[in-house]
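The numbering of the sequence shown is numbering that gives the first Met the number 0, which starts it at 0 and goes up by one.
Hints were generated in silico from the structure; no laboratory data involved. Take these hints with a grain of salt, some might be off.
Under the rule of at most 20 Å between Cα atoms (straight-line distance), these lysine to any residue pairs were calculated in the SDA-like manner [as the list claims (entries may be wrong)]:
#1 K394 x E374
#2 K445 x S25
#3 K76 x S65
#4 K150 x I140
#5 K744 x G671
#6 K107 x Y225
#7 K271 x S65
#8 K573 x K654
#9 K271 x D231
#10 K774 x S582
#11 K97 x K78
#12 K430 x I140
#13 K249 x Q260
#14 K769 x G623
#15 K430 x I520
#16 K271 x S253
#17 K428 x K97
#18 K359 x E309
#19 K719 x G697
#20 K107 x I289
#21 K461 x I520
#22 K249 x S117
#23 K110 x H288
#24 K136 x K228
#25 K491 x K228
#26 K491 x P26
#27 K394 x D231
#28 K428 x E374
#29 K150 x K271
#30 K769 x S592
#31 K22 x S449
#32 K266 x I289
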Amino acid sequence: MRKLSYKELVIPNKILPRVNTTKNVSPCETYIGQESAFKAINFGLSMDKKGYNIFVVGPSGTGRRSFVKSFVSTYAKKKEKQDDIAYLVDLDNPYSAKVVLLPAGSGKLLKDRLQKLSDELFTRLQRTFESEEYEEKKKEIENEYKERKNKILQELSKKAFKLGYIVKMSPTGIVYVPALDGKPMTPEQFENLSEELKSMYEENAKKVEHLISGVVHRLRKLDSEYSEKFNDLDKYAILFSVEALFEELKNEFSYSEKLVQHFQELKDHIVKNSERLKNLDEAKVYLKHILTVNLIVDNSDVIGAPVVFETNPTYPNLFGKIEYISKMGISYTDFTLIRGGAIHRANGGYLILNAEDIFKYPYVWDKLKKTLLTEKIEIENLDAAYGVNPTISLKPEPIDLDLKVIIIGTPDLYYLLYEYDEDFQKLFKVKVEFDWEIDATLENVKQYYSFISNVVETNNLKPLTSKALKKVIWYSMRLAENREKLSMKMGKVTNLILESDHYSTLRNSDVIDAIDIETAIEEYENRVKIYREKYDEALKKNEIMVETSGERVGQINGLTVIHLGDYSFGHPIKITAKTYVGSVGIIDIQRESELSGNIHSKAVLTLIGYLGGKYAKEIPFSLGVSISFEQVYGVVEGDSASLAETIAIISAISKIPIKQSIAVTGSINQHGYVQPIGGVNEKIEGFYRLCKHRGLDGTHGVVIPEANVKNLVLSREILKDIRNGKFNIWTVNSVDEAIEILTGKPAGKLTARGTYPKGSVNYYVVTELKKTYEKLEGKKRKK
0 MRKLSYKELV IPNKILPRVN TTKNVSPCET YIGQESAFKA INFGLSMDKK GYNIFVVGPS
60 GTGRRSFVKS FVSTYAKKKE KQDDIAYLVD LDNPYSAKVV LLPAGSGKLL KDRLQKLSDE
120 LFTRLQRTFE SEEYEEKKKE IENEYKERKN KILQELSKKA FKLGYIVKMS PTGIVYVPAL
180 DGKPMTPEQF ENLSEELKSM YEENAKKVEH LISGVVHRLR KLDSEYSEKF NDLDKYAILF
240 SVEALFEELK NEFSYSEKLV QHFQELKDHI VKNSERLKNL DEAKVYLKHI LTVNLIVDNS
300 DVIGAPVVFE TNPTYPNLFG KIEYISKMGI SYTDFTLIRG GAIHRANGGY LILNAEDIFK
360 YPYVWDKLKK TLLTEKIEIE NLDAAYGVNP TISLKPEPID LDLKVIIIGT PDLYYLLYEY
420 DEDFQKLFKV KVEFDWEIDA TLENVKQYYS FISNVVETNN LKPLTSKALK KVIWYSMRLA
480 ENREKLSMKM GKVTNLILES DHYSTLRNSD VIDAIDIETA IEEYENRVKI YREKYDEALK
540 KNEIMVETSG ERVGQINGLT VIHLGDYSFG HPIKITAKTY VGSVGIIDIQ RESELSGNIH
600 SKAVLTLIGY LGGKYAKEIP FSLGVSISFE QVYGVVEGDS ASLAETIAII SAISKIPIKQ
660 SIAVTGSINQ HGYVQPIGGV NEKIEGFYRL CKHRGLDGTH GVVIPEANVK NLVLSREILK
720 DIRNGKFNIW TVNSVDEAIE ILTGKPAGKL TARGTYPKGS VNYYVVTELK KTYEKLEGKK
780 RKK
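Required output: the full structure, derived from the provided sequences and hints.
If you want it as structure tokens, here you go:
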């Protein structure tokens, strides 16, 4: 038990480097205090076996994202450049697409070469089909075809004439009519013939039909023969036009067997489809289509391996998609409408994702796991992947996966996945933990100064003075809630420096001084403290009734903290205890009214164990006690009021009053030892504000656990009043020590005879319990 001095509550000078301003401090871009994380992520990146993906955990604001991006980017620059990825037409399957991997930068080159090839092919085809040489060869074939066709028809005509018929060519084919004197016979002339001649003509007609049938067959064969000759001419002409161009491509891209084969297939396909290419308008469009290179990943400007930080990992953004266009109301797609995702751009390198972003979108986590397990990147739209859309779509050739995934998330999500997702342990074998604080040593403070100097240099800010630096260290300790630690919530520290620079500018100062840091902290609180002000106002107006002077039996000032997300503040609460004759024991009004959380209920049972063990060894605890948090209408949670509750009960039993000028916080165990609690700074400041408003007289103060001394990082205003003896902080290790401070009387130690010294608080507690017991026993005997 002791009262803390001012010197115990300030930052020791021994941990503060001697510098005038940040101009004297070399900026440091490395991340301080994360040696464990540094080793873990370096291991994960260097481990090239399957499943060694990385999950980074730690509180927000500790610089996880910036650290990971910076570290991975630096690491990746030392790696080899990765391939470009392109999709090409699949000439054999219109519902597929060929993938080709090319050295970084070659994708653009290929795209350019094939685009130029398309233009050059069209120009050459146009020139070929319009050339005199082509026309001459075409005419030669046409003349030969006509000559042979005419010869066949002449033979038919002669044979038919001998049989008394004349044959003619018509739009519908070969027709024949009976002849008389070398001229076609009219129907009247045929009717005037004798029956014998008619019969002869009819017999000969059958022979002519047979002759015509044979000629038709020969003509069809001739047409086929010459159609093939025309086709061969076109193929030869096209082959002559394109072969040299494709050979050049084969030589230029000879390092890729797949490309060389594709070029051969393209050449064969173009030659084979000569008829389609003779229509020059159609040829231009068709050539452009089949020679298109859909370059979905271009690594030409990437130094080393790619690093992709996808901040919006929707299904298509991450895994790619197949787009559609509408033609005449019908949806259509082809290989040119394939779009890559972040996983394609990161292939061969590193993909960084925020865990919370992944789980915002349906099916993304399952698809990511499938991709990592199969080590294949497949592009398919979400509706097709899950069988929602029956429309036939493309199924592009999958890509081999070579990727390290780094996910940044919270510890809670990590443990949830580890426990309930059996694939998670297989796929994310490296855990990187970010510390939220480091020891406040001279060396670490030096590194902190270097970090601050880097913030100043990076953001072009004014230099910080030594007093400003000290105030930033104070702020860091306050964030850590520990004078022996520095917070790693570097985002908040950076924001403080940025805002302080703004306020120094308003002062027309060339430097950032302590007053600017304090102003930034104060102005931030002013922007978020409206609820605190409402509580303080209610306390000042006695709407929330808390006494800060005098003494009361069974009444004590406890302390609590309200958390509002971006701001926390403390305030005092009145805790009362009332006793009455009976054997019901201790009743917690909060618990009975279902306004007690589990931890608070446990704390009450703990103090019952302590009181019973200390005072009811000889006689039963024959007393009814009710305890309540006055004017508290929400759920009470936590055990930090158990010391206050215990003392209120002891006061109520012993009839010894408690000083209302002192508030108390602390947790106890069943042996009566006082345990540390959280939010000690906010709690002290909450009671201090009320006392300050009503007037400090040197009697006011707070009792806290001895173990919480290191957590005290108090404002300059409180420290000033402590230094001047207007406000006090006492520390205790046990319930008895707290009793003596709050009552001004000795607690009393148990003697060898098993009794407490007369006049001590514990003596009066035992005495009152005996009296109550005797009353109850007397009543029982009278009955």
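Hint-by-hint comparison with the structure:
1. Restraint check for K394 and E374: the C-alpha separation of about 17 Å stays at or below 20 Å, so the hint holds.
2. Distance restraint check for K445 and S25: the Cα-Cα separation of roughly 10 Å lies within the 20 Å cut-off, and the hinted pair is therefore satisfied.
3. Annotation: proposed proximity of K76 to S65 holds, straight-line Cα distance about 17 Å (limit 20 Å).
4. For the hint linking K150 to I140, the alpha-carbon distance of about 15 Å falls within 20 Å, and the restraint holds.
5. Distance restraint check for K744 and G671: the Cα-Cα separation of roughly 18 Å lies within the 20 Å cut-off, and the hinted pair is therefore satisfied.
6. Distance restraint check for K107 and Y225: the Cα-Cα separation of roughly 44 Å exceeds the 20 Å cut-off, and the hinted pair is therefore not satisfied.
7. Under the criterion of a C-alpha separation no larger than 20 Å, the hint pairing K271 with S65 is inconsistent with the structure, at around 57 Å.
8. Proposed proximity of K573 and K654 is supported: the alpha carbons are some 18 Å apart, at most 20 Å.
9. Straight-line distance between C-alpha atoms of K271 and D231 comes to about 10 Å, which keeps the hinted pair within the 20 Å bound.
10. Proximity of K774 to S582 is assessed by CA-CA distance (about 11 Å); at most 20 Å being required, the pair is judged to hold.
11. Note on K97 and K78: the hinted pairing is violated, with a Cα-Cα distance of about 27 Å set against a maximum of 20 Å.
12. Straight-line distance between C-alpha atoms of K430 and I140 comes to about 77 Å, which puts the hinted pair past the 20 Å bound.
13. A C-alpha spacing of about 9 Å is found between K249 and Q260, which places the hinted pair at or below 20 Å, so the restraint holds.
14. Annotation: proposed proximity of K769 to G623 holds, straight-line Cα distance about 13 Å (limit 20 Å).
15. Of the pairs offered as hints, the one joining K430 and I520 is violated, with about 35 Å between alpha carbons and a cut-off of 20 Å exceeded.
16. Our distance criterion of 20 Å between C-alpha atoms is broken by K271 and S253, whose separation comes to about 24 Å.
17. For the suggested pair K428 and K97, the alpha carbons sit about 34 Å apart, so the restraint of at most 20 Å is broken.
18. Between K359 and E309 the alpha-carbon distance is near 13 Å, which keeps this suggested pair within the 20 Å criterion.
19. Restraint check: the Cα-Cα separation between K719 and G697 comes to about 13 Å, which is no more than 20 Å; the hinted pair holds.
20. Between K107 and I289 the alpha-carbon distance is near 17 Å, which keeps this suggested pair within the 20 Å criterion.
21. A threshold of 20 Å between alpha carbons decides the hint, and for K461 with I520 the separation of about 18 Å falls inside it, so the pair holds.
22. Simply put, K249 and S117 have alpha-carbon atoms about 16 Å apart, close enough for the 20 Å limit, and the pair holds.
23. Proposed proximity of K110 and H288 is supported: the alpha carbons are some 12 Å apart, at most 20 Å.
24. This hinted pair checks out: K136 and K228 have alpha carbons roughly 10 Å apart, not beyond 20 Å.
25. Under the criterion of a C-alpha separation no larger than 20 Å, the hint pairing K491 with K228 is inconsistent with the structure, at around 82 Å.
26. For the hint linking K491 to P26, the alpha-carbon distance of about 18 Å falls within 20 Å, and the restraint holds.
27. With a CA separation close to 35 Å, the supplied pair K394 and D231 exceeds the 20 Å bound.
28. Taking the CA atoms of K428 and E374, the gap is near 16 Å; set against the 20 Å cutoff, the hint holds.
29. Straight-line distance between C-alpha atoms of K150 and K271 comes to about 32 Å, which puts the hinted pair past the 20 Å bound.
30. Proposed proximity of K769 and S592 is contradicted: the alpha carbons are some 30 Å apart, above 20 Å.
31. A threshold of 20 Å between alpha carbons decides the hint, and for K22 with S449 the separation of about 10 Å falls inside it, so the pair holds.
32. Restraint check for K266 and I289: satisfied, since their Cα atoms lie roughly 11 Å apart, inside the 20 Å limit.
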